[in-house]
Every structure is written in C-alpha cells, then in structure tokens.
Amino acid sequence: MNPHVLEVARALDGFVAAIFVLAGLGIIMARQMRGTLYLFILHSLMLTASAVVLGVTLDSIHLGLVAVITFFTKVLAVPLVLVWTTGSSAYQRREVEQVLSIPFSILIAAGLALVAWVVTNPLINAIPDHPFAAINLTTGMMAVFFGAFTVAVRREGVAQLMGLFVMESGAFFASISIVNDLTIIAEIAAAVDVPIAALVIGLLIRNVHKLTGGTRVGSMAELRERH
Amino acid sequence: MNKFCLSGEVGISPTEGILSPLVQHLIANLVQVAFLVVFAPLVSGVLARIEEMIQGKHGPSILQPYRDIAKFFAKDEVVSEEASWVFRFAPFIAFVMPVFVVLLIPALTAYPLFFAFMGDMVAAGFFLALGGFFVALAAMDTGNAYGPIGASRTRMVGFLSEPVFIMVFFSVSYVANSTIPYAVNAAWAQSWATMLEPAHLLVLVAFLMLVIAENDRIPVDSPSGKVEIAMIGHSKNLEYSGRGAALMKWAGTMKLMVLIIIFVNVLVTPWGLAATTHWGDIFLSLPKVLGKILLFLLGLAVIEASLAKLRLFRISEFLASAFVICLFAMSVRLVNLA
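Protein sequences, first through last, are from chains A and B.
In this text, residue positions in the first sequence follow our numbering: the first is 1, and each later residue adds one.
In this text, residue positions in the second sequence follow our numbering: the first is 1001, and each later residue adds one.
No lab work stands behind these hints, which were simulated from the structure alone.
Being a predicted model, the structure only gives us computed values, none of them experimental.
We put the CB at the ideal spot given by N, CA and C, even for glycine.
Certain hints may be false.
[Said to hold, decoys possible] Residues from chain B shown here face chain A by an in silico Cβ test under 10 Å; the list is partial:
#	residue
1	Pro1060
2	Phe1126
3	Met1195
4	Asp1281
5	Val1302
6	Ser1316
7	Glu1317
8	Leu1319
[Claimed, not checked] Pairwise CB distance ranges (calculated):
#	chain 1	residue 1	chain 2	residue 2	range
9	A	Gly64	B	Gln1064	41 to 47 Å
10	A	Asn2	B	Ser1224	50 to 56 Å
11	A	Asp129	B	Leu1307	55 to 61 Å
12	B	Tyr1146	A	Val118	45 to 51 Å
13	B	Phe1159	A	Ala152	27 to 33 Å
14	A	Leu199	B	Phe1159	43 to 49 Å
All chains, full assembly: derive it from the sequences and hints.
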C-alpha cells in the first residue's frame, strides 16, 4: 500500500473519529431530545464515513457495503422510525432529566475515554498489521462506554435508546478496522436488527407515553414504590 | 505553503528596497495594528447584519458600528462622582490590549514580525485578561447596581474559561513544540494530514466555544439583549458615555476580531498570509484574511441563530464541555492515537 495514501487515509479516519467522539459526548450532554436525535444522526454519519475511508483504502467491497447499509439504516431509517413510533411530543420537551449533573457526567466521560484507551492498547499492540485499529478500536470502545453511560444516567426512554445505539455504533466502528471481510449476510443481519430494535423499543416508549403521559422512565421507579 | 523562519527573513533580499528589514518588519507590524483598528468595527457590523438577515430582517448597515463610535466620540462624557481613576482609565486599557495582542499573532504575514517573540499565546491571553480585569473593576467603581452584577458574572465566565484557554495553549504548543503563534501557524500549515489530526479538530471546537464565551455571544450571553438584569458582559459598559463609551465599543469589536484572527490564521486555515515582505504581497493578504473572517462570521451567525441563550448556571456546563474536549485533544496527542 502506498504509504502516502495510507497517511492521508489515517488522517481522514482520525478526523472522522474525532467527530464521532464529539457526537457521542454530545449525546451524553444534550439536554434537548431533538438535539440528541440530530447528534445520533451525525454519529451514524461518521460511522458511515469511516467505513467509506477504510473501504476505499483497503479496497474492500464489504466495507463499502457496510457504509451503504449503515447510511440507510442508522442515518435514515432509525431516526424516522423513532420519530414515527414515539411521536413528535417526545421531541418537543426542552430538557432531559439526568441522574448526574452535566459537568460531572462530562468528567466521567473523560475518565471512560482513558479507560477505553487502556483497555484497547494491548489489543492494538497484538494486531500491528491492521493500520486503522489504533484509531477505530479505541474510538469504538469509547463510544461503547459512552453509550452504556448514557443508558445509565438518562431518565428518558428515547435518550436511553440512543445510548444503546451509540454502543452498537461503537462496536461497529471498532470492528470494521479489524474484520474487513465479514460476510454480507452477517452485515445485513446486524444492520436490520437496529431498525427493528428501534421499532420495538419505540413502540414500548409510545405505550409508556400513553399510560404515564411522558417518557421519563426515571420517575417510574417512584410509581412502583407508591403502588 | 507557508515557510517559517525564526529570523523572519523569508523572502527578504538584503539589497531589496530602500528600507532595512528591521524597519520593514516594524512597518508591517503597524500595518497589522491598522488592519485591526480599522476593520474591527466592520467585522462586528457584518456579523450583526448577517444575524439580522438570517432572522428575516433587513438589519442595520454594516457601517453602523463606525457611526456609533463616531457619535459617541462627538458627545460629552458624563462620569459619576463616585467613580475613581480606574473608571476613566479602563477604556484605554481595554482599547490598547487587543492592539498588543495583534503585534504577537500572524494577522497578515506568515513570517514573524518585529514583536513576534516578545510574547507567546499565554501572553496574548494575559493581555486580553488584563483588559477584562480593568473593565470589571471599572464596572464596580461607579455604584451602579448592574455593573457589579455584570462584573461578577463575567468573572465567573472568566474563571471557567481560563482553564480552557490554558488547555488550548498546551494542546497547540504540544503539536508545534512552541507557544509562539507564528510557530503554531507554521506547524499546522505543513500538510493537510496535520490539519486533519483529531487533536486539531478537538482544539478547534474547544477554541470556538471559548471565542463565543469570551465575546459574550449566544449561547453564553445575548449581545442584542436590552434587559440589564439578564446581561453578563454588556452591563459593564452601561455607565460609559461619550469618549469612554466609544473606546469600550471599539475595544469590544477589536477583541472579537483578534480572537477570530487567532482562530482562522493560527488554527483553522493558516494559509493566505503574506510569505514575503513585498508590500504587494502583504496588501494582497488583506482580502484573503477578510474573506476567511467573513466565512467564520457566517458560521458564528448560524450558531447564534440556531441556539438559545443558556441560563446562567448552565454556562458552567458549556465551558466544562470545552475543557473536556481539550482534555481529549491532549490525550489523543499524548497517546499518539492517530
């Protein structure tokens, strides 16, 4: 492989990874539901962009297909499904409740990023022949942690769902750098799972909204204790 | 591609022209100062006009800040009997500090000018902070109720933004092995690959947030707000009239322009600056830099039009995010991720 092309591709992938991390951080911080949804779209777009960069550089048709499938499922289908199932009222709420304050959440996110690097560093050293592993593996692991953290601290059904998807995107972001030739059936299966999950959880959130007049799942624990 | 030479002799021929390189550099420094002083009100005028246009209004002329400054200069100054020398002195300090900063940064030339090594980016931050400190003192000097409120709020924003400033400086100096703005400019300008580094993008985002906070723009403060109790930075100028008001307004526009110049010339697009001491080259860089500033203003106007002002205690979240983004940038550089 031409070293100059590889250098430019790594720089581009690093740039995309930085936006991927920023979008993940934004999902943790965003107070508005609609803002969270837009950040998720950006997050998915960066996953697509990384697959394109890796696909072109490594000349992998599989990664090209991953990019196309990711674009149609996560950038287009999932947001549409979520808006359709949960209804626009869920997105009009101004502030999403959190267990922790935003500055404290951000600080924990920074710590999680460090943990992600510590966890992935031995793996990166073990696979020196994968040129994008250093960027994608660490960034993907960060997104997995950010997603799990979002699920833990958000008291809002839709926002928690976003956290789940961020985790899934993070796993994909990491895996495309080390598994370039996953069979297309597995790629399609993984991609189709996501909108179905969005549909199922979206419908569940819709029912929660109907029954309780909101999607603040954090307050449901209080309901349970009263009755 | 910009070349960087510590002696500042890029493109200089010893026999060229009738002026010695030292005098040429000094004059070029003065041209940079004139560029800032003359065009700063225009930058604010253009920003205000773009924002009004985005909101579907016609908006004031882009020359309105010049008219306002001229009007203030023509009026008599009224000073409270309670005010001390600090109140009279502060507008001059606020006006002079951005001028000092522009002597240290690559405003028009890619090569370092006469004062380039008199101070680094930390010194630039110090100069701007010094101006802010005196303005805050002056706001508390007159006995007006809103001045001290604005001053204390500005200090709160300042305390939160200073760690971000320092982290941005550390991040960029780690890349360039220097805190001299000209060296940072040259380091970024080396190649596109350097520009695309994740640490670079993260620093850019953090610095953009800092520019917004330091200039009291939305979402931190509303520059067009008229309610004194909701003001942060703008309530500090309420007591000024006549010459003092003119200087304060002019200083505000210069501070905005200096930070935009650092953002566009040092961090985002370190190209388009004069690479030689030929006057034609230096004056040709003027429209290029103004074009870059215009693009930045378009972006800033879109940000301001699409966001709402944050509540006072949410500002800490905004700046905490900027700080953590800087931490990410530093970490990415330290572990050499990309």
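To see whether the hints hold, each was checked on the structure:
1. Using the Cβ-Cβ criterion of 10 Å, the hint placing proline 1060(B) at the interface with chain A is not satisfied: the shortest such distance is roughly 31 Å.
2. Interface hint status for phenylalanine 1126(B): violated, as the beta-carbon distance to the closest one in chain A is roughly 26 Å, over 10 Å.
3. Using the Cβ-Cβ criterion of 10 Å, the hint placing methionine 1195(B) at the interface with chain A is satisfied: the shortest such distance is roughly 8 Å.
4. The interface hint given for aspartate 1281(B) is violated, since its Cβ lies 30 Å from the closest Cβ of chain A, which is over the 10 Å cut-off.
5. Interface restraint check: valine 1302(B) against chain A, minimum CB-CB distance 14 Å, threshold 10 Å, status violated.
6. About 6 Å separates the beta-carbon of serine 1316(B) from the nearest beta-carbon of chain A, less than 10 Å, and the hint is met.
7. For glutamate 1317(B), the suggested interface contact is upheld, since its CB lies about 4 Å from the closest CB of chain A, less than 10 Å.
8. Look at leucine 1319(B): its Cβ gets to within about 9 Å of chain A, closer than 10 Å, so that hint holds up.
9. About 53 Å separates the C-beta atoms of glycine 64(A) and glutamine 1064(B), a value inconsistent with the hinted range of 41 to 47 Å.
10. Range check, asparagine 2(A) to serine 1224(B): about 53 Å between beta-carbon atoms, so the 50 to 56 Å window is met.
11. Here the CB-CB span from aspartate 129(A) to leucine 1307(B) is close to 45 Å, at odds with the stated 55 to 61 Å.
12. Between tyrosine 1146(B) and valine 118(A) the beta carbons are some 50 Å apart, a value that agrees with the proposed interval 45 to 51 Å.
13. Separated by about 30 Å at the C-beta atoms, phenylalanine 1159(B) and alanine 152(A) satisfy the suggested range of 27 to 33 Å.
14. Judged by the Cβ atoms, the range 43 to 49 Å given for leucine 199(A) and phenylalanine 1159(B) holds: they are separated by roughly 47 Å.
Hint compliance for this structure: hints 1, 2, 4, 5, 9, 11 are not met, and every other hint is.
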